[in-house]
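Number of protein chains: 2
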Amino acid sequence: MNPITQTQRTKIRRGPARAVFDREMLYQIFDEARMAHVGFSVGEQSYVIPMLAWRVGNQLYIHGSRGSRMIKALTEGAHSCVTATLIDGMVLSKSAFHHSTNYRSAVVFGQFRVVDDPAEVNESLKLFLEGIAPGRWQNVRPPSEKELKATSILAIELEEASVKVRTGPANEDQEDLDLPVWTGELQLKQVVSGMVPDDNTPAGTDTPDYSQAW
Amino acid sequence: MNPITQTQRTKIRRGPARAVFDREMLYQIFDEARMAHVGFSVGEQSYVIPMLAWRVGNQLYIHGSRGSRMIKALTEGAHSCVTATLIDGMVLSKSAFHHSTNYRSAVVFGQFRVVDDPAEVNESLKLFLEGIAPGRWQNVRPPSEKELKATSILAIELEEASVKVRTGPANEDQEDLDLPVWTGELQLKQVVSGMVPDDNTPAGTDTPDYSQAW
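Quick mapping for you: the protein sequence lines, in order, are chains A and B.
Counting along the first sequence from 1, when you hit position 163 you're at 163 in this note's numbering, and nothing is skipped either side.
Counting along the second sequence from 1, when you hit position 173 you're at 173 in this note's numbering, and nothing is skipped either side.
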């Protein structure tokens, strides 16, 4: 698989040992995060907006209300940055300074395009829902003409990107090694903690199992 | 408690019913998230960088390598945006369009200041570590002069902010209510999944219990 495109913008200056140039890892991070923080600016002011984001091949899709400030700025060609971050654990060290975080992060630069081909709109929405709840698309009412008109779908190419991954223990100073302190990783994980029906679920309906997606 | 300052920037235009003006909720979101995505721009290009972030009173602190692109831009007065997001669940609807997410998000606008008072630096680092691992500060080696010189600590006032919270079931269309589909929430939660010692933990050391912090 071809590596990620490197530019001045994507060059990792801090912690270069954590840089990863593997497109597979870039994809994994966006797939697992399922949400991303989208940055754009209006004049000098930066904005960072959390969005559900889903990947299809080498593209990352988002959707939003047509006419929102963000959708407007992005469709007008803002030089955007989209970041997804997974925190895997807190790294506990012998010294205050060498505490760290194990994480995987992906940062993509570029300009979004508006998805206006109805077939691509439909297919991307289907893949979005199927990524959250496999099999669900065929059981729910599909989007109406009016609903589609109210929504913009945008896509950005996963091309100019930085990926950073940190794993492992703290980088201790030699002279701290004998301190009698527990060191290691406090591991963190996002889990599905429940499937709670609402009042509109018909009595007797089986709870679907979407665990394979999570 | 005084409400959050409202401006043109913070005005919630999409989903205004989800807007919250309660400072307590603003604080809770940053406290629980422990990380935030910091946005700034250099020329027309936006950057969004994941950072550990911790709150002390009405201020949010971050730290980074002195001289990094981000620290440089922020200390030069970039009009920044700092966003923390907690995803509480996926909201499953009778229709594709009304699927949604239950979440809590906080967006703060402003300019960072450099923390250069040694007492504030020390106190903020202590509170940072104690927020992750209560009691740990007194057992580990404190930061050295040299380590402190390599690090910049920055703070932003939690003043001009937007907070959005979504809870509850999908907003179904009346005509979809009879569809025989399970609807409700796929609840998500971040959990501590393990405390794994590394090779530098002396044999026989008790595993600390930081569960009260998480």
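Fair warning: there could be bad hints in the mix.
Identical copies look the same in the list; a pair holds intra-copy or inter-copy alike.
No farther apart than 30 Å at their CA atoms in a straight line, the calculated lysine-lysine pairs in the DSBU-like style are these [to be verified]: (1) K72 / K189; (2) K146 / K189; (3) K149 / K11; (4) K149 / K189; (5) K72 / K146; (6) K146 / K11.
Worth flagging that the hints you see were computed from the coordinates, not collected in a lab.
Bear in mind the structure is a predicted one, so any value in this text is a computation, not a measurement.
Comparing the hints with the structure gives:
1. When the C-alpha separation of K72 and K189 is checked against a cutoff of 30 Å, the pair qualifies neither within a copy, at 35 Å, nor between copies, at 33 Å.
2. In this assembly of identical chains, the alpha carbons of K146 and K189 never lie at most 30 Å apart, being 39 Å within a copy and 34 Å across copies at closest.
3. Proximity of K149 to K11 under the C-alpha cut-off of 30 Å is restricted to the inter-copy arrangement: shortest distance 24 Å between copies versus 39 Å within a copy.
4. Taking CA atoms no more than 30 Å apart as the test, K149 paired with K189 passes in neither setting, with 37 Å inside one copy and 34 Å between copies.
5. In this homomeric assembly, K72 and K146 come within 30 Å of each other (Cα to Cα) only inside a single copy, at 19 Å, whereas the closest approach across copies is 47 Å.
6. Taking the shortest alpha-carbon separations for K146 and K11, only the inter-copy value of 26 Å comes in at or below 30 Å, while the best intra-copy value is 43 Å.
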